[in-house]
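First to last, the protein sequences are chains S and P.
Residue numbers 32 to 140, in the numbering used here, belong to the letters of the first sequence in order.
Residue numbers 1117 to 1289, in the numbering used here, belong to the letters of the second sequence in order.
Don't take each hint at face value.
EDC-like cross-link-like pairs, simulated, lysine to aspartate or glutamate; straight-line CA separation at most 16 Å [stated by the list, open to error]: (1) Lys48(S) / Glu1235(P); (2) Lys93(S) / Glu1242(P); (3) Lys93(S) / Glu1238(P).
Derived list of chain S stretches under chain P, where covered just means 3 residues or more per stretch with a C-beta under 8 Å from a C-beta of chain P [stated by the list, open to error]: (4) 57 to 71; (5) 125 to 139.
Since the hints were derived computationally from the structure, they do not count as laboratory data.
The beta-carbon is built from N, C-alpha and C at its ideal position, and this holds for glycine as well.
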Amino acid sequence: MNEKMSSRTLRTLPREKAFYFFTSIGNYTGESATSLKEFTDKISEVNVKSLEFHLYRGDFEKWTAETLEDQKLAREIENLRNQNYSGTALKEQLYNILSKYYEKIISKF
Amino acid sequence: MKFKDNTVALDATDLRILNALQENARQTYTAIGKSLGIAHSTVYDRIKRMERHGIIKEYTAVIDAQKAGAKNIIAIMTIFTDPKESDKVAEKLCEAPQILEVYTSLSEELLIIAKVVAENQESLHEFIASSVAPLPGVLRIRTSMITKKFKETRFSIANNPKQLAFIKEKSNK
């Protein structure tokens, strides 16, 4: 990943492009993330029901691919989805993927 | 007679005319006059006066969406908001064609209650996630999808038991 792509992944998005955490159709938790850093932090904070809801709808990979414009991260999340994790295990796995990915990018600067 | 708070004094004849119109807005002045035992010119004058004062807002058709083939879903959103932003959130919601009704309510927290229509669950979620959750001041949202309708009526003179009794009493005299 080159520097340009890395800084794109690390940028802060406007509010309307944030990721909004829901627990089911139409039920918004009040938590949102406008950057990869904030997204990673929120994964450890939000209710695991919200993570299960979004992961298995494909919302996380859609947001990382289309809004954050990071295809590589989207593929990593897709791989996790295919492993059918749930509950706390899902939260830990997702947090590990995101935090490692974030650390890897940030170390290049 | 118009009061300071913009309300207009209505007498029993006005209320009986309104009641008749709400039962069937397409009936003629003569038919209303005949059923109420008053002259059609009185009915005409009273209706024109109530139209002028905005008491009668419009004459419209009430459509049964299901029979018209619309396969939509209806949901009620309860939106918890920052009190400072509540009016702005409510006004923004009013601009969306998917929103049918918007109310504010004060219980333990300031809430906005809105009725929303969508093609299906996915488009409902998409609308809430992209157009409601991002509004500044929205703290969280609870959405309930309506599964079965037991009653739906518009506001009517007949909804108020006291007014209805008053109309009946005057009709019997």
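Taking the hints in turn, this is what the structure says about them:
1. For the suggested pair Lys48(S) and Glu1235(P), the alpha carbons sit about 23 Å apart, so the restraint of at most 16 Å is broken.
2. At most 16 Å may separate the alpha-carbon atoms for a hinted pair to count; Lys93(S) and Glu1242(P) meet this at roughly 13 Å.
3. Restraint check for Lys93(S) and Glu1238(P): satisfied, since their Cα atoms lie roughly 15 Å apart, inside the 16 Å limit.
4. Closer than 8 Å: that is the beta-carbon criterion, and the stretch 57 to 71 of chain S has 6 residues meeting it against chain P, so the requirement of 3 holds.
5. Taking a C-beta to C-beta cut-off of 8 Å, the stretch 125 to 139 of chain S contributes 0 residues in contact with chain P, too few for the three needed, and the coverage statement is violated.
Checked against the numbered hints given earlier, the structure breaks hints 1, 5 and satisfies all the rest.
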